[in-house]
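When you get a sec, could you build the whole thing from the sequences and use the hints?
Going line by line, the protein sequences match chains A and B.
The numbering of the first sequence is the numbering used here, which starts it at 4 and goes up by one.
The numbering of the second sequence is the numbering used here, which starts it at 508 and goes up by one.
No lab work stands behind these hints: they were computed from the structure.
These numbers were taken from a predicted model, which means no experiment stands behind them.
For every residue, glycine included, the Cβ atom is placed at its ideal position computed from N, Cα and C.
Be aware that one or more of the hints could be misleading.
Stated by the list, open to error - Have a look at the derived ranges for each label pair, beta carbon to beta carbon:
#1 A:R46 <-> B:V802: 24 to 34 Å
#2 B:N784 <-> A:D39: 23 to 33 Å
#3 A:N82 <-> B:K843: 16 to 26 Å
#4 B:K604 <-> A:A78: 18 to 28 Å
#5 B:I528 <-> A:N32: 26 to 36 Å
#6 B:N784 <-> A:F91: 48 to 58 Å
#7 A:R46 <-> B:L993: 45 to 55 Å
#8 A:E77 <-> B:I776: 36 to 46 Å
#9 A:S79 <-> B:V802: 14 to 24 Å
#10 B:T901 <-> A:N32: 15 to 25 Å
#11 B:E527 <-> A:A78: 51 to 61 Å
#12 B:S805 <-> A:V76: 21 to 31 Å
#13 A:R66 <-> B:G778: 46 to 56 Å
#14 A:F91 <-> B:R991: 26 to 36 Å
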Amino acid sequence: MKITSETVEYVAHLARLELAREEIDLYTNQLNSILDYMDALNRLDTQGIEPTSHPMPLNCVMRDDDIRESFTVEASTQNAPERIGSFFKVPPIIEVEE
Amino acid sequence: MEDLLKLNIIELSDLLKKREITSVELTNFYLERIKKYDQYIQSYLMVTGEKALDMAREANKRIEKGEAGRLEGIPLGIKDILCTKGMETTCASRILKGFIPPYDATVIKRLHGDGYVHLGRLNMDEFAMGSSTENSAYQVTKNPWALDRIPGGSSGGSAAATAAGLCVASLGTDTGGSIRQPAGLCGVVGMKPTYGRVSRYGLVAFASSLDQIGPLTRNVIDCAVVMNTIAGHDPLDSTSIPQPVPDYTEMLGRDIKGMRVGIPKEYFIQGIEPDVNQSVKEALSILERNGATIVDISLPHTEYAVATYYIICTAEASSNLARYDGVKYGLRVEGKDIIEMYKRTRFAGFGKEVKRRIILGTYVLSSGYYDAYYRKAGQVRTLIRRDFEEVFRTCDVIATPVSPTTAFKIGEKADDPLQMYLSDIFTIPVNLAGLPAISVPCGLDSSSLPIGLQIIGQPLDEARILQVAYVIEQEKKLKKIPDRYLT
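This is the structure:
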């Protein structure tokens with residue numbers, strides 16, 4: 004067993020994901036077998052090999068700093084589940100002491 | 508009218524320009540077919556009939572003025588992952604239900620510029636994560652050749668609609684085989700272009716270093732015609748390649764004498780169905796008869812590709828999908844504070860496979876495991892890329908099966924993610940290396956299920972793999988649409 008259900012719960016918290024109890028158990032099992040399968044990579048000696056992050060390296064793509072048309076505030080916020088005027092509305096982030 | 512299904516886009520464009528048919532008639536023909544057959548196949552998440560007819564009327568006008576674009580009046584279906592201004596785009600996920608993009612993806616803009624007609628958006632695995640389209644939050648699409656079987660995935664809606672004649676052609680996306688595998692399993696042509704050949708701007712991101720958009724069509728000519736429209740540099744995508752686009756139809760019909768076709772021994776392994784093996788071997792002998800030289804090659808790191816891929820794609824996905832937080836768009840489930848709101852929203856909005864991949868991706872990126880998994884996978888990716896660079900010194904294209912099996916039954920692999928992942932074993936290496944590849948039908952198995960041949964090319968060599976695919980198509984003359992959709 005590479006990972007325990009506690010690991011899955013911890014990782015889910017990092018990913019801001021709530022999971023049901025059954026999901027935690029299911030994923031713990033499945034991820035263990037997937038990670039076992041991934042161990043195959045350790046058979047390869049990769050010392051000194053540069054990792055590939057993009058298959059077609061195009062480095063330092065620049066564009067001119069021109070003023071272009073951009074989305075209006077309305078277009079940018081029209082899909083928000085809740086908004087006030089031109090702002091996204093969210094639950095409290097910083098607790099206020101009363 | 509059924510004869511219209513046999514025509515390619517160039518022939519349809521001719522009929523439209525000669526006014527033998529109008530785009531409105533052609534569009535109605537497809538809308539009626541969708542009404543008649545899609546209740547069985549369930550390839551469309553939404554049919555935009557009114558919008559389609561509006562676009563068809565505009566097309567008629569432009570044709571009359573002699574201003575027809577390359578796809579003027581041609582009805583296409585679009586995978587539900589490409590942002591389309593003013594039209595709901597959900598990625599087949601509950602978390603994006605009701606999302607109306609305020610802009611068009613670059614490919615949609617290009618299709619517009621060439622006059623296409625938008626029939627609707629096509630089903631897929633949620634966020635393109637899957638190989639069977641069973642992971643859609645909305646419906647299970649059936650394989651038109653056998654309704655109890657999966658159409659492949661993740662572009663299963665695109666492949667099924669194209670195969671059943673419910674659109675002239677469609678667009679899909681391919682991260683680890685999501686165009687080629689469903690195209691193979693549904694008996695249509697599907698191309699994943701070179702990474703960077705088609706702009707990803709407006710494609711809802713799954714794994715950004717692997718994703719590419721491409722066509723699914725009923726014949727090779729249509730694939731080339733759609734590529735002519737969608738390929739090309741786009742300043743809005745910084746990974747887009749600034750190289751000119753050739754006319755992809757130009758090489759079709761040219762002979763392949765002297766072309767060197769590499770056959771990697773690692774792709775003809777145990778576990779490949781005998782009918783698939785047989786059919787692919789026959790296709791290779793067709794190429795040989797047409798003057799190609801078969802070269803035995805080896806891609807020694809093939810066996811590591813699936814593990815490498817599932818580390819990289821889940822890592823990228825966990826990062827890309829962090830944006831679904833209930834703030835800017837899509838679903839929100841309230842909570843006592845913002846963290847609880849995030850967690851509940853993502854719990855309710857994502858399906859099983861998406862959550863599995865977010866957890867795996869977060870794990871392989873987490874401190875203490877990053878080097879062992881993500882960095883290691885990046886290094887093995889380099890080895891896989893080098894394998895291909897090496898063999899392209901001795902061959903011009905590579906030919907392999909698309910999938911080890913034909914379409915499997917709905918539900919068969921749904922509970923075993925690892926088995927599902929392994930069904931993409933032949934398509935995944937191509938994405939890791941960023942190469943172009945095409946899936947072209949090469950036969951049917953003993954149960955009349957389609958088999959696909961994959962032809963892999965060097966970077967930006969799409970024209971050549973189309974040329975090879977065309978040779979197979981012309982010799983095989985396979986049925987495009989199952990008979991039951993022709994009555």
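| said: Let me make sure I understand: some of the numbered hints might not hold for this structure. Which ones are they, in numerical order? | reply: Hints 5, 8, 9, 10, 11, 12 and 14 are the ones this structure does not satisfy, whereas the remaining hints hold.
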